[in-house]
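Take 86 as the starting number for the sequence shown in this note's numbering and just add one per residue.
Among the hints, a few may not be true.
[Said to hold, decoys possible] With a straight-line cut-off of 30 Å between C-alpha atoms, the simulated DSBU-like cross-links for lysine-lysine are:
#1 Lys357 with Lys415
#2 Lys424 with Lys488
#3 Lys424 with Lys253
[As the list claims (entries may be wrong)] Derived CB-CB ranges, DEER-like:
#4 Asp432 with Asn493: 21 to 27 Å
#5 Asn406 with Ser498: 16 to 22 Å
#6 Leu94 with Ala455: 43 to 49 Å
#7 Tyr138 with Ser93: 38 to 44 Å
#8 Asp231 with Asp156: 37 to 43 Å
#9 Asn499 with Asp156: 37 to 43 Å
Hint data in this document are derived by calculation from the structure and do not stem from the laboratory.
Backbone N, C-alpha and C define an ideal beta-carbon position, used for all residues, glycine too.
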Amino acid sequence: MDVVKFLSLPVDIRKNVYFQLDSRLTEISPSTSNVLTLNDETKVKLEDSKKNYDIINALKSIFKPYFTMFDYLPMLMDDWLEYAIWLRYDSIILDCLRINHAYEGDLLGSLDMIYLDNKFRMGFFDKNCLLQVWYTPKEYTKWILDCNQLLDQDQATINIRFNLEYLKSRGVKNCIHHLKKKELFNIVNELTLYLEDDENYGVLIDHSSNNDNKKKLSNKVIDYKTRLSSPTITMILQNIDLMKNLKKLSVKNESLFQTLINLHGARDNPGKIINSLTRKRINSIEVKWIPNITLNRIADFSRWENLKEIILDHTGDIDLNQIILPYYCKKIIIKNANKLVWWEIMDYLFYSVEKNIRNSMWNSDNVVKAKLKINPNVKVSVLNKQVIDKDTVNRLKLITQTKCKLLNYIFLSNIQQVSDRLIIVPETMINSRRIKIFQVKNLQEIYIV
86 MDVVKFLSLP
96 VDIRKNVYFQ
106 LDSRLTEISP
116 STSNVLTLND
126 ETKVKLEDSK
136 KNYDIINALK
146 SIFKPYFTMF
156 DYLPMLMDDW
166 LEYAIWLRYD
176 SIILDCLRIN
186 HAYEGDLLGS
196 LDMIYLDNKF
206 RMGFFDKNCL
216 LQVWYTPKEY
226 TKWILDCNQL
236 LDQDQATINI
246 RFNLEYLKSR
256 GVKNCIHHLK
266 KKELFNIVNE
276 LTLYLEDDEN
286 YGVLIDHSSN
296 NDNKKKLSNK
306 VIDYKTRLSS
316 PTITMILQNI
326 DLMKNLKKLS
336 VKNESLFQTL
346 INLHGARDNP
356 GKIINSLTRK
366 RINSIEVKWI
376 PNITLNRIAD
386 FSRWENLKEI
396 ILDHTGDIDL
406 NQIILPYYCK
416 KIIIKNANKL
426 VWWEIMDYLF
436 YSVEKNIRNS
446 MWNSDNVVKA
456 KLKINPNVKV
466 SVLNKQVIDK
476 DTVNRLKLIT
486 QTKCKLLNYI
496 FLSNIQQVSD
506 RLIIVPETMI
516 NSRRIKIFQV
526 KNLQEIYIV
């Protein structure tokens, strides 16, 4: 490939090419049963010698903490090192990182804080948690920010994610010490909280049968509210108020969600929950890997006053009627859910019109259906304004918008089941294409008000 010619292409073309990488900068992937064979042309194979053997062993000891989760692939690190020797200096990779920074992580995701060889570093991981490249703050500033013509002046700063999933307890302690010493807490704009040994992580309780399971689950929720024993999490909570630019918070465990995010009925308790000043800084919350986020309890986000976006990913069964949103929250993203229960709207609409027109209050609309770009088998219906007067139409719109929590953007992807096989959405969302629906199984009807 002609590298110079590729780098001279318009930014939009290069961005689309990099987007197809899906956060992977090499063909190595732990998601397959066997590591893919490397292309001999790009392999950097050190000649066999004692010196090179010692170099490889030294590198392995440095990167070993980031490969412990891949112990089932013993050759992964060896193959990865053959790329890692040169990949971070590659001109195309550096161009990809510059565009990624300009578009706020849309291509590769966030820049993560890591600790390598007892030194503070920043790195990118793919979606399988495999380290791709890493840099010192000085290198990132010089190679990515200073020569990036795509950046506005306010974008030419380092924003980093403090991700506990990639750091052991000692690494967290060292990173906090470094941030304090260098007064760098302001570069942290994302925080991902994670507990490796969560006893309830990934455990699904049968909620379809007896009350004993529900009682057990309820007791566990109460226990979460009164217990926070992780020294790593406590360390973060003691320093979180120093992260003045913290905008996004992610949790990946049941206990962390119930203790730190779902504050329904909880009181402010310094050192045990996130303080109110920090909560006001957060405008995005992501919740992942929770068996059933609304099972037998309310998911209350109302104490996060300035929250604008909620992301629910792999959170089991979701009942939107059991989620309390703050007033300013305008965006909800739901991905990889088992079952979705939509807001209870239909009965309110049905009984808000006169009896004699209830059976004719809806009309099919293929024009609107084309806008949605959904499964052709899904029926799309709109209000029949020929039989419903204007005042009633406005009342029905108000009911729908209120029930949908005044949201102005909804994203649904990979939902296995929708309760009642229908959803009801405001017309304004459809007209401005602010609702996205992808791979929602058993959905048969969409009603637009």
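| message | Is 37 to 43 Å respected by the C-beta to C-beta distance linking asparagine 499 and aspartate 156? | response | Check failed, 29 Å falls outside 37 to 43 Å.
| field | Restraint status (C-alpha distance of lysine 424 to lysine 488 at most 30 Å) | value | Status holds; Cα separation ~19 Å.
| query | Do aspartate 432 and asparagine 493 keep their Cβ atoms within the hinted range of 21 to 27 Å? | reply | With Cβ atoms ~24 Å apart, the hint holds.
| Can the restraint linking lysine 424 and lysine 253 be considered satisfied, given a maximum Cα separation of 30 Å? | violated (34 Å)
| message | A range of 16 to 22 Å was offered for this pair. Does it hold for the Cβ distance of asparagine 406 and serine 498? | response | Given range 16 to 22 Å: holds, Cβ gap about 21 Å.
| Is the gap between the beta carbons of tyrosine 138 and serine 93 within 38 to 44 Å? | holds (42 Å)
| query | For the pair leucine 94 and alanine 455, does the Cβ-Cβ distance stay inside 43 to 49 Å? | reply | violated (33 Å)
| field | Outcome for the supplied range 37 to 43 Å, where the beta carbon pair is aspartate 231 and aspartate 156 | value | Since aspartate 231 and aspartate 156 have Cβ atoms about 39 Å apart, the given range 37 to 43 Å holds.
| Given hint lysine 415 paired with lysine 357 - CA-CA distance at most 30 Å | holds (28 Å)
In this structure, the earlier hints numbered 3, 6 and 9 are contradicted, and the remaining ones agree with it.
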